[in-house]
Amino acid sequence: MKREAEVPRSALHADPAEDARDLRRLERTWSPERGLWGWLTSVDHKSIARRYVATALVSFVLAGINALVMRVQLARPESHVLGPDAYNQYFTTHGTAMMFLFAVPIMEAVGIYFVPLMVGTRNVAFPRLNALGYWTFLVATIFLWASFYANVGPDAGWTAYVPLSGPQFSPGKRVDTWAQMITFTEVSALIGAVEIITTAFKQRAPGMSLNRIPLFVWAEVVTAFMILFAMSTIATASMMLAMDRLIGTHFFNPAEGGDALLWQHLFWFFGHPEVYIIFIPATGMVSAMLPAFTRRPVFGYTAIVLSLIGTGFIGFGLWVHHMFATAVPWLGSSFFTASSVMIAVPSGIQVLCWIATVWDGRPRLATPMLFILGFLVLFVIGGLTGVMIASVPFDLQMHDTFFVVAHFHYVLIGGAVFPLFGAFYYWFPKVTGRMLGERLGKWNFWLFFAGMNVTFFPMHFLGLLGMPRRVYTYSPDLGWGPLNMTATVGAFVIALSVLVFFANVARSLARGAPAGDDPWGADSLEWATASPPPPYNFRYPPVVQGRAALWSRTPDAPVVTGLRTDKPEILMTTLLDAEPESRHVHPQPTIWPLVTAIGLSVLLLSLIYTPWGLIWGAAAVSIGLIGWGWPDHHRGARLEERG
Amino acid sequence: MSAPRTVYDASALPEVVYGSKSLAFWGTLGFMVVEGTTLAILASSYVFLWSNFDRWPPAGTSPPSLLVPTISMLFLLASNLPARQLAKAARAKDLRACKRWLVACTLCSAGWIVLRLLEFRSLNTRWDDNAYGSAVWALAFAHFTLLAVEMAETLLFTLVFLTGHAEEKHFPDIVDDVVYWVFVTVVWVPCWFLLFVLPRLI
Ligand code: HEM
Numbered sequence: 000m001k002r003e004a005e006v007p008r009s010a011l012h013a014d015p016a017e018d019a020r021d022l023r024r025l026e027r028t029w030s031p032e033r034g035l036w037g038w039l040t041s042v043d044h045k046s047i048a049r050r051y052v053a054t055a056l057v058s059f060v061l062a063g064i065n066a067l068v069m070r071v072q073l074a075r076p077e078s079h080v081l082g083p084d085a086y087n088q089y090f091t092t093h094g095t096a097m098m099f100l101f102a103v104p105i106m107e108a109v110g111i112y113f114v115p116l117m118v119g120t121r122n123v124a125f126p127r128l129n130a131l132g133y134w135t136f137l138v139a140t141i142f143l144w145a146s147f148y149a150n151v152g153p154d155a156g157w158t159a160y161v162p163l164s165g166p167q168f169s170p171g172k173r174v175d176t177w178a179q180m181i182t183f184t185e186v187s188a189l190i191g192a193v194e195i196i197t198t199a200f201k202q203r204a205p206g207m208s209l210n211r212i213p214l215f216v217w218a219e220v221v222t223a224f225m226i227l228f229a230m231s232t233i234a235t236a237s238m239m240l241a242m243d244r245l246i247g248t249h250f251f252n253p254a255e256g257g258d259a260l261l262w263q264h265l266f267w268f269f270g271h272p273e274v275y276i277i278f279i280p281a282t283g284m285v286s287a288m289l290p291a292f293t294r295r296p297v298f299g300y301t302a303i304v305l306s307l308i309g310t311g312f313i314g315f316g317l318w319v320h321h322m323f324a325t326a327v328p329w330l331g332s333s334f335f336t337a338s339s340v341m342i343a344v345p346s347g348i349q350v351l352c353w354i355a356t357v358w359d360g361r362p363r364l365a366t367p368m369l370f371i372l373g374f375l376v377l378f379v380i381g382g383l384t385g386v387m388i389a390s391v392p393f394d395l396q397m398h399d400t401f402f403v404v405a406h407f408h409y410v411l412i413g414g415a416v417f418p419l420f421g422a423f424y425y426w427f428p429k430v431t432g433r434m435l436g437e438r439l440g441k442w443n444f445w446l447f448f449a450g451m452n453v454t455f456f457p458m459h460f461l462g463l464l465g466m467p468r469r470v471y472t473y474s475p476d477l478g479w480g481p482l483n484m485t486a487t488v489g490a491f492v493i494a495l496s497v498l499v500f501f502a503n504v505a506r507s508l509a510r511g512a513p514a515g516d517d518p519w520g521a522d523s524l525e526w527a528t529a530s531p532p533p534p535y536n537f538r539y540p541p542v543v544q545g546r547a548a549l550w551s552r553t554p555d556a557p558v559v560t561g562l563r564t565d566k567p568e569i570l571m572t573t574l575l576d577a578e579p580e581s582r583h584v585h586p587q588p589t590i591w592p593l594v595t596a597i598g599l600s601v602l603l604l605s606l607i608y609t610p611w612g613l614i615w616g617a618a619a620v621s622i623g624l625i626g627w628g629w630p631d632h633h634r635g636a637r638l639e640e641r642g
Numbered sequence: 000m001s002a003p004r005t006v007y008d009a010s011a012l013p014e015v016v017y018g019s020k021s022l023a024f025w026g027t028l029g030f031m032v033v034e035g036t037t038l039a040i041l042a043s044s045y046v047f048l049w050s051n052f053d054r055w056p057p058a059g060t061s062p063p064s065l066l067v068p069t070i071s072m073l074f075l076l077a078s079n080l081p082a083r084q085l086a087k088a089a090r091a092k093d094l095r096a097c098k099r100w101l102v103a104c105t106l107c108s109a110g111w112i113v114l115r116l117l118e119f120r121s122l123n124t125r126w127d128d129n130a131y132g133s134a135v136w137a138l139a140f141a142h143f144t145l146l147a148v149e150m151a152e153t154l155l156f157t158l159v160f161l162t163g164h165a166e167e168k169h170f171p172d173i174v175d176d177v178v179y180w181v182f183v184t185v186v187w188v189p190c191w192f193l194l195f196v197l198p199r200l201i
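First to last, the protein sequences are chains D and H.
Residue numbers are given in numbering that gives the first Met the number 0: position 134 of the first sequence equals residue 133, and the series is strictly consecutive.
Residue numbers are given in numbering that gives the first Met the number 0: position 200 of the second sequence equals residue 199, and the series is strictly consecutive.
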């Protein structure tokens with residue numbers, strides 16, 4: 000064992016040669032291995048988050064192509080681009096992929112990248128588990144799209160309502176695809192949630208007490224808590240559905256005392272919070288970006304934190320409002336109407352705080368700021384129609400029409416995708432070291448904004464005219480043609496704007512302007528390190544002196560020293576005040592998460608075909624877990640060696 | 000910006016910490032929330048389906064026997080005694096005692112599994128008989144998987160310790176493992192009440 004005095008630890012050196020040697024050692028300790036092996040074994044939160052984002056964007060594009068094909072089909076009455084069976088698979092796969100493979104994971108992935116940086120630590124709390132989360136997500140993505148292109152894509156709607164999705168009305172394997180894919184993605188979402196909560200609770204930089212945590216981190220934490228409850232629910236429900244289909248249980252089969260409404264309750268107990276799971280991180284992004292573009296801290300920090308937490312709670316009280324068209328007791332309906340309207344309050348508070356921030360600041364209309372403003376406009380429209388359908392009589396009229404399609408696309412695209420694109424422009428320089436182009440950025444924004452309204456605004460009227468959703472065509476004498484054609488044109492404008500975005504990314508990666516550490520003059524800790532950040536994130540863990548960590552930092556930039564440089568060591572701090580508490584050695588890169596994910600795939604995929612999959616799969620998973628759990632010693636760590 | 004200044008020297012901080020100071024504790028807690036929610040959802044479904052029936056278990060299905068499930072439940076609770084000793088040994092960093100109690104706990108957890116397999120037989124229904132059967136089996140089986148996971152984890156620790164691979168960092172991990180142990184054993188008590196007692200009372 001090394002004697003204490005010989006242990007290399009980080010320190011501030013006056014001598015440059017000593018300093019350089021120290022830095023090299025830190026780099027060696029934290030760098031991933033080289034080549035393909037290094038890629039497969041990496042446990043760095045940044046590289047895993049980048050993969051998450053890239054994978055989710057692939058699903059965004061593929062699901063977007065589904066949307067375009069559907070819009071072409073609906074552009075004119077009685078067209079034959081898609082038949083009814085194909086249309087069912089197209090919209091189900093579009094909705095499922097957009098929700099489960101794009102929106103939720105990408106919001107979590109941005110958290111996995113930036114939460115550690117924003118709280119000033121070197122990695123997420125459980126790096127190997129994080130890798131496992133990504134690999135299961137990748138399997139889910141490949142699985143859904145492969146099934147779709149092989150004509151076994153799910154086709155019972157992204158809500159998979161029974162009895163339609165039950166064994167009697169959906170024979171074949173399409174719905175099983177859906178159910179297993181859900182289980183997979185929820186495993187990864189749950190892992191991400193545990194990562195984010197633990198990292199934000201135990202690894203914050205000294206000085207970052209609860210009331211100094213960046214709003215984006217708060218938003219990710221509240222979301223993670225919602226994920227813990229909501230995703231466990233849907234994973235359980237989808238398992239019940241799969242069992243009804245595979246081994247003949249009767250949860251949802253009325254003939255044997257099961258109940259179709261049980262599915263709806265379980266689905267919406269997850270499904271409504273789901274909307275907030277997508278929306279809350281997006282609001283966090285807005286709060287993270289605003290200070291840089293208004294040159295002042297966000298107005299009403301405490302009010303925003305409280306309304307985030309409030310939204311988290313009320314979000315779970317809302318599920319029944321998706322079921323007003325069922326025989327839910329009347330008193331119940333009134334209660335749920337009230338809480339549906341109530342949720343407008345915390346969201347409203349946040350909007351007011353942002354408007355006050357812009358009002359009082361000196362707004363600078365860079366691309367991220369444009370997306371924020373676009374978000375405010377679209378979200379208010381979506382929110383208004385939301386409050387409209389929260390009222391039972393109106394909902395009964397509009398149920399399952401294009402009015403609802405218009406509403407949720409305003410909320411999802413306006414409320415989540417716009418802030419997300421703003422965040423791409425904002426954080427791309429940090430992740431890649433290069434700026435995205437401003438001119439293409441403006442094109443990207445304006446095409447998206449215009450296309451969005453041209454596509455979805457007319458759908459409100461189609462809904463009022465009675466056009467049902469999830470129907471592959473309509474007859475010419477209904478007069479819905481022109482509005483539908485308009486919507487289709489709009490969809491292509493959106494597609495064009497997304498193309499502009501990818502062109503911008505490609506151009507910047509090739510020859511974008513170098514970003515430097517802090518191109519926006521922003522206030523949070525991720526800007527206190529290089530772009531892209533080194534594997535260890537911060538040479539010395541920073542110490543935080545105020546809510547806006549960088550704006551309140553004194554010129555001598557106080558830091559923590561004394562962490563070992565020969566082992567990947569991180570600093571742990573107390574939950575409330577972030578006082579230094581202990582040092583923790585992080586795991587090294589490892590292949591076992593990937594092996595475990597392969598075992599999990601064997602488990603879940605073979606279960607589609609035979610209950611024995613449980614046995615094979617459990618064996619496969621065990622191999623991964625044993626390899627994982629078996630200690631992989633740092634030298635001198637074994638107790639028996641020490642005697 | 001002038002040169003940075005050290006305001007905190009971390010070198011004296013401990014490397015091995017217990018309970019809520021350790022990361023693993025928070026991970027364990029997270030997974031307890033997930034699994035607790037899963038069981039709660041299955042229990043709620045059981046109650047929800049119950050409301051569709053006049054008689055529960057439905058006419059034609061015999062009620063589960065009470066004896067084996069009750070023995071099994073009591074055994075789960077009793078197994079917390081060796082688990083407590085194990086946690087104590089780990090906190091005291093007593094290698095020999097840890098080995099001893101790890102073996103005892105592994106044996107206990109094997110006992111859980113055997114008893115649960117017998118318990119499945121005393122449910123007196125199959126999962127595909129009717130919605131009642133499905134709901135009962137789902138709850139019992141879901142909890143069974145938690146028992147199996149806890150057994151596997153304890154077994155792994157036992158092997159690591161017996162083969163001389165134990166490290167100091169394993170002591171807090173064992174304490175967290177015992178936290179999970181308490182969770183999986185105690186969480187069964189309300190489930191047992193729901194499946195085996197409540198239908199007899201109402
Ligand atoms: C980008 C442009 C988009 C277009 C043009 C588009 C278009 C459509 C269309 C035509 C439908 C089918 C309507 C029907 O017949 O019922 C649909 C359904 C849906 N879309 Fe989109 N969409 C877009 C983006 C998104 C995004 C970003 C999300 C989520 C984050 C999303 C989520 C959904 C969901 C959940 C459904 C319902 C699927 C179902 O009925 O099962 N969409 N969309």
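Hints are computed from structural coordinates only; laboratory data are not their basis.
None of these values were measured; they are calculated from a predicted model.
Where a beta carbon is used, it is the ideal one built from N, C-alpha and C, also for glycine.
A couple of the hints might just be wrong.
Claimed, not checked - Covered stretches of chain D (chain H as the covering partner; in silico rule of three or more C-beta atoms under 8 Å from a C-beta of chain H):
#, region
1, 23-31
2, 187-193
3, 443-457
4, 554-562
To be verified - In silico lysine to any residue, SDA-like type, Cα no more than 25 Å apart, as pairs:
#, chain 1, residue 1, chain 2, residue 2
5, H, Lys-168, D, Pro-467
6, H, Lys-20, D, Trp-627
7, H, Lys-98, D, Lys-566
8, D, Lys-566, H, Gly-18
9, H, Lys-168, D, Asp-565
Hint check:
Counting residues of the region 23-31 of chain D whose C-beta sits closer than 8 Å to any C-beta of chain H gives 0, which falls short of three, so the coverage hint is violated. Counting residues of the region 187-193 of chain D whose CB lies closer than 8 Å to any CB of chain H gives 3, which reaches the minimum of 3, so the coverage claim holds. Only residues whose beta carbon comes within less than 8 Å of a beta carbon in chain H count, and the region 443-457 of chain D has 0; fewer than three means the coverage is violated. Residue count for the region 554-562 of chain D with a Cβ under 8 Å from a Cβ of chain H: 9. That meets the three needed, and the coverage hint holds.
Proposed proximity of Lys-168/H and Pro-467/D is contradicted: the alpha carbons are some 60 Å apart, above 25 Å. Under the criterion of a C-alpha separation no larger than 25 Å, the hint pairing Lys-20/H with Trp-627/D is consistent with the structure, at around 23 Å. Distance check on the hinted pair: Lys-98/H and Lys-566/D sit about 28 Å apart at the alpha-carbon level, beyond 25 Å; violated. Between Lys-566/D and Gly-18/H, the direct Cα distance comes to roughly 23 Å. Compliance with the 25 Å bound is thereby established for this hinted pair.
For the given pair, Lys-168/H sits about 17 Å from Asp-565/D by alpha-carbon distance, which is consistent with the 25 Å threshold.
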